[in-house]
Structure formats: C-alpha cells, structure tokens
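With chain A's structure known, arrange chain B on it following the hints.
Those protein sequence lines, which keep their order, are chains A and B.
Those letters in the first sequence? Residues 1 to 166, per the numbering used here, in order.
Those letters in the second sequence? Residues 1 to 300, per the numbering used here, in order.
Everything labelled a hint here was simulated from the structure, so no lab data went into it.
Idealized CB from N, CA, C, for every residue including glycine.
Incorrect hints may appear among the rest.
To be verified - Examples of chain A residues lying across from chain B (beta carbon under 7 angstroms, computed):
#, residue
1, LEU30
2, PRO95
3, PRO99
4, THR100
5, THR138
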Amino acid sequence: MTTTALPETLRGIIEDFQSVPDPEKLELLLEFSDELPALPERYAGHEDEMEQVIECQSPLFLAVELHDAQDRDPRSPGAGPASPDSIVRLFISAPPEAPTSRGFASVLAQGLDGLSAETILAVPEDLSSRLGLQKALTPLRLRGMSAMLGRIKRNIADQLAGQPAG
Amino acid sequence: MTTTADTAGVDEFSGYAHPDKLVSTQWVADHLQDEDVVVLESNEDTLLYSTGHIPGAVKIDWHTELNDPVTRDFIGPEEFARVVGSKGITRDTTVVFYGDKSNWWAAYALWVFTLYGHPDTRLMNGGRDKWIAEGRETTRDVPQVSPAEYPVTERDDTTERASRDDVMGHFGKPLIDVRSPLEYTGETTHMEGYPQEGTLRGGHIPTAASVPWAKAANEDGTFKSREELEQIYTVDAGLGESDDVVAYCRIGERSSHTWFVLRHLLGYERVRNYDGSWTEWGNSVRLPIAVGEDRGELPR
Chain A
1 MTTTALPETL
11 RGIIEDFQSV
21 PDPEKLELLL
31 EFSDELPALP
41 ERYAGHEDEM
51 EQVIECQSPL
61 FLAVELHDAQ
71 DRDPRSPGAG
81 PASPDSIVRL
91 FISAPPEAPT
101 SRGFASVLAQ
111 GLDGLSAETI
121 LAVPEDLSSR
131 LGLQKALTPL
141 RLRGMSAMLG
151 RIKRNIADQL
161 AGQPAG
Chain B
1 MTTTADTAGV
11 DEFSGYAHPD
21 KLVSTQWVAD
31 HLQDEDVVVL
41 ESNEDTLLYS
51 TGHIPGAVKI
61 DWHTELNDPV
71 TRDFIGPEEF
81 ARVVGSKGIT
91 RDTTVVFYGD
101 KSNWWAAYAL
111 WVFTLYGHPD
121 TRLMNGGRDK
131 WIAEGRETTR
141 DVPQVSPAEY
151 PVTERDDTTE
161 RASRDDVMGH
171 FGKPLIDVRS
181 PLEYTGETTH
191 MEGYPQEGTL
201 RGGHIPTAAS
211 VPWAKAANED
221 GTFKSREELE
231 QIYTVDAGLG
241 ESDDVVAYCR
251 IGERSSHTWF
261 VLRHLLGYER
271 VRNYDGSWTE
281 WGNSVRLPIA
291 VGEDRGELPR
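For reference, chain A alone in the conformation it holds in the complex (with noise of 0.2 angstroms):
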C-alpha cells in the first residue's frame, strides 16, 4: 500500500491509525472525535443551509468554501473565482452521539483542511480502507466516511465547474 501520493497531514493521520493495534486505532479515532471544530458563526444553527451526507446514519452536515490565494472566502469583496488553486476550507457539523461520524469529520477536517481544491480531488477514494479499521467498525460505518469524502469532492468539483454547492 502506497501512500506517497496523499497530502502530507493526511498521510501522518495514515500512518498514526497504521501504527497502533486494533483496540487503539477506535482511541485514536476518539480522540479525533473529541476534536472536530465547532462550526463558525456564520454556520452554527444554520445547518440547512448546509449539504446533509444522507450516507451516515447520523444527521452530519458540511459545508466546503473555496477561497481565494489570500485565503478570502467568496463573499468577501475582490475575493477571486474559484480555481483548482482556491483554499478549500471544510465545516463539518455531527452530533456527538455519533462519535464514529464525529471522528472520520475529523480526520477529513484535520486532513484536507486548507488545502488546494485540485489536492483534494486527487486523494484516493479508499482512504477509509487506509487507516485499518475494517476489523473495529462495520462496513457500513466505512462506506459512510467514503460517502464523506466523496461528496466533499463533487461539492468542490460543482463549484470549480461554476455550479451552485450541494
């Protein structure tokens, strides 16, 4: 398993879930839990305004903004199109009754987070696969942090491609 082609902070979550046995990995993914930044302002109790990941058996909402090289966000003024060179800033909501959904949010938050919306159309769609935890968590659970990430991916390809988010 190659993990050269992955963005540096993603491949150190990679290789963090890879190091430890079984029974760890689900602290580790706790920890990651305990983690996920609350939304901003701008997003708090705004979650319909959000995309819903229907995929995840909890109610788990994001939303993804393409900035600018200076990190604008694209309501502000001068802030430039979107381009495969924005800044990809990532808001994920999930409750923590579902600390599993929780946990992969925050891998994807801590993993992808800043960085370039062409970095992240290319990560690998088997990321869930990566960080071992076929044996601790059901395949649905896998499937629905797969679901994640992909739709993180056609939300920026839609607003590349000049569409509306979601």
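This is chain B only, laid out in the frame that chain A set:
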C-alpha cells in the same frame, strides 16, 4: 451489598407478562455496586461507550465480540464463554443491558445471551438516552474487571431463533416484518439513512404483517404500556392468541427488539427471531416474495 433482583421493578412493570425482564434507570443506579449485577452497554455506534457511560458499566460490541468474524453466525460456545467471562459475568450474574436507539442493540445482545441460556438477563427501560436525559452520572473511566469463569454452554438455535428453513416451514402462522414501510412494500431495499445494506430484491416474506419496530417504543425510548402493545400486536397485527410467531427485519437486530416485546412484555410462549432476515431472504434464489402493502398469498 447483597441483592437479588427478584423484585426489581415489579411495581413499575407489573403490567407486563415478565416484569422481571425490565429494570428502571433508578434500579440500575441503586444496584451499580452489587457484586451479582453486571451492566453491559451495547450500542450501534461502537465509540459511544467511550464518550461516557454509566459508571461501572462494561462495553459489549455486537460486531467484534458477538458475531463470528468469518461465518455469518454468532460466536461459538467456547468464544462466548471467554467473552462473557472476560466481563466478570458468571452463570449466576444478573446481566442488565442498555444502549442507544431505544435499546435496539441492547435487545440484540440480550437475545444472543438468551440463545446461550444465560438465566438472568434484563433490559434497562429507556436505555442510554433516558439515563442521560435524567441527568444521571456518566464517566469515561473503564472499570477494571476481574475475569470470571463462565461455563461453555451449547447455543440453542431452535427455541428463540429461526433459520430460513424454519421460516419456510412456518407459513400459515404469524410472521412480523419490523422494517420500515418502504422496505416492506419493496420500494427500497434498505432503511432510510442506511443505503448500503441493500438486497437484490425488495419486498417482504409473504403473509408477514408490517409492524415497524419503533412502534413499541415511546419518545423517551421506554416501552409502551401492555395495553398499547396489545393493541399494536395482538389486535392490529392479528397475532391473537398465537403460540408460534417469527419476527424478522434486515439483519436481525431490529427484530430482537420486537422479539423482546412479544416474548417478555406480552408473554407470547414461542417467538423466534429470524436473524438471517431480509439480507438473506431477499438475496436467496427462488424464495417467495410479496411486494406492495398487501401481505401476500400463502406460498404453495
């Protein structure tokens, strides 16, 4: 402290057929220190226990601990004895199960313990959500468990469990399909929000009555009253005085909840959970299927 839980909850749950199978959150709070009581948390989300649980409660994972990792079946007698003993449970222990989603997975774990004939199993009414809603204490501390000797006992796969062949031989007697209405009619092959546990064919086992499992639960996750449950199952679903009922869902977990209701709250003498459920039936070649809202014809 000594206790036997013989009289636990009898007042509160005396309307049910087997009141000793349910305990209240207060009962659990009062008996956490009892040496002959072990509280097991069984959740759909395996990380939930680690985010905070009832002090002293031990985690049991339905996926990694109760299912065989290779064959689609439950673990065998030796492994069951090892897993259960590792949680400090002896054959004399009162095992109280609770969990998320109205005790859905707690009922599943309890049912597996029943297959192995564990004498004293109970559900904490209302489950994890009720405990938390009442503002009761939770902790992230995992208790230090002294392993106990649990005897290797045979699993009984005939009394409370039904196989596909058992269902074929059951036609003419009541079947309960506890999945969502759209799964029952065949419009979808999975439940809403669970799109990956699909099957090749949609629909239901002919003659099965549709009673989604959650009908048995109140908003707070507790079970409905005996009278309400009788209206739902005995009257509306037409179980009547039947002495032989089979319940199924998609993989056998939601129907464990219904199995518990029929077997212990309503007191039906013979209730079997068909754990192969729709993921087996709807993928099997040449088995009869009915679609739409009608129960369908009795297969010849």
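Each hint, compared with the structure:
Taking 7 angstroms as the C-beta cut-off, the interface hint given for A:LEU30 holds, the closest approach to chain B being about 5 angstroms. Look at A:PRO95: its Cβ only gets to about 10 angstroms from chain B, farther than 7 angstroms, so that hint breaks. Given the 7 angstroms rule on beta carbons, the hint for A:PRO99 holds: about 4 angstroms separates it from the nearest Cβ of chain B. About 5 angstroms separates the beta-carbon of A:THR100 from the nearest beta-carbon of chain B, less than 7 angstroms, and the hint is met.
Satisfaction of the interface hint for A:THR138 is found here, the shortest Cβ-Cβ separation to chain B being roughly 5 angstroms, below the 7 angstroms cut-off.
Of the numbered hints given earlier, the model fails hint 2 alone.
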